[in-house]
Amino acid sequence: MKRLEKPNWRKKAAGRRRLWLLALCAFLAIPLAVGVYFLVPDFWTGDGLTISGSTIYVRAGGNFQAALDRARPGDTIVLQSGASYAGSFTLPAKSGVEFITIQSSELDKLPKDGVRVSPSDAARMPKILSAGGGDPAVKTAPKAHHYRFVGIEFAPAGNDYVYNLISLGTDSQKADEMPHDFELDRCYLHPNPKGKTRRGVMLNSANTVIKNSYLAGFAYREEETQAIAGWNGSGGYKIVNNYLEAGAENILFGGADPSIKNLVPTDIEIRNNLLTKPAEWRRNVTIKCTFELKNARNVRIVGNIIENSFDEMAVRLTVRNENGTAPWSTVEDVLMQNNVIRNSGGGINFLGSDDIHPSATMKRVSVVNNLFENIDSRNFGSDGLFIKIAGGEDVTVANNTVFHDGNVITAHGDPTRRFVFRSNIFSNNNYGFTGDGIIGKAVLAKYFADGIFADNVIVNGKSIPKSDIYLPPRSALVDSFDAVGFVARQSGNYRLAPNSKFREKKAGCDIDALETEIGKVQKK
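Residue numbers for the sequence shown follow my numbering, beginning at 221 and rising by one.
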């Protein structure tokens, strides 16, 4: 009988220890590998990306979408200047409240923050190109937030139609899915010259800044186009120090009904922008106006140059329940101050409530201390009027200097309650205040029964018999603009001279205050 060997307990215990040690090493290697993957400088991922701490470098031909998916709040994605990244890139939803910044590799060679870029800076920018099929170059996932683009060029890749070059938000009915907190800083957006892009930025997000950027070329015949337009975003917008060029409306809020019930874009600042249209567009693209609000609340339009609406009104503040599904639509709490509005067939069109579908009523709108130049029917067609108005409440038009060749006010439709029209300088022209088949004092009685008309300076530039001109209380009538007493009208200095009898009454625009704001607008 074979003798059984005694078990070697020490040998087995040593084997077990080795297995446990190997398992422990494998377990500890996992976070170490992850740490190396994310933290070791210049770690190459194989997607054309290089990771260096919190910076992701995307080389020419690299996978920009992979960088967006990989980035964490606080990271910076650097795109190679001069390189093109084609696709319809989605900004994913992330946790955290720090911005993910997407910027040019030559950001240090672009204008500093606060200075607007121009097309001449494009050589130092990477290009994000819409790949076609009508899709945007950049769009947002539901609940996406905190993305900043700095020094990037956006354009279509080819000649395909593009609806929105950048889509921030959607037409979703779910308010809790609204994307928010975006910035476009020193970016250049434009269509392909041979293609059609309807809109630069669809602004259906919340808390969004567009600044120091150049949006140009959004115009063609068949459709109304915009540089920036929003209708299904809650607001919190700052549009500051941009060059904005578009056919129908350079900036538009409203124009389509919001899908989110009771939504009105709110808290909007539009400051120190140049809103313009090239002269060659006049007969060749669809033109409507330069600035328009159809559904908006708490809006400040300050220190902008708004020009070249040509045959159309320059500004429209017109309440519209556009598709009949948003009866809460309104235009409320609007301040338009220290702007230059020029080169158009009319000044401002107010519509107090929608005349097609039910809507709320426009209220608390102030147009104060603006300069209206070359509002001229002879040069641009239309009728050269200063104001067209129907309905609304608590509209104030004060301390504006206006050079126009049509009616002062054309009123129609519903009366306007508590209308204030004071301390303006303007020309009576042929008819002054007009309504449906009536002129003069009868217009004020019918359309502005509880209004205030006072302290205005009216120029009788067409030698109309004084008996045919209605002069509201405490207003003055002079025979020419020279009689107003400007410092140098012919050279564009519209300050009131020390010897002007209207200086102490503070009639017209305070040119010093105007130029303080307009001086911040960077000319083309």
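Think of the hints as simulated: they come from the structure by calculation, not from any bench. Every residue, glycine too, gets a C-beta built ideally from N, C-alpha and C. Be aware that a few hints might be false.
To be verified - Computed beta-carbon distance windows for the label pairs:
#, residue 1, residue 2, range
1, 329, 724, 51 to 61 Å
2, 391, 489, 18 to 28 Å
3, 555, 531, 22 to 32 Å
4, 500, 294, 43 to 53 Å
5, 272, 313, 23 to 33 Å
6, 272, 304, 20 to 30 Å
7, 316, 670, 17 to 27 Å
8, 353, 504, 25 to 35 Å
Task: Contradicted hints - numbers only - done: 7
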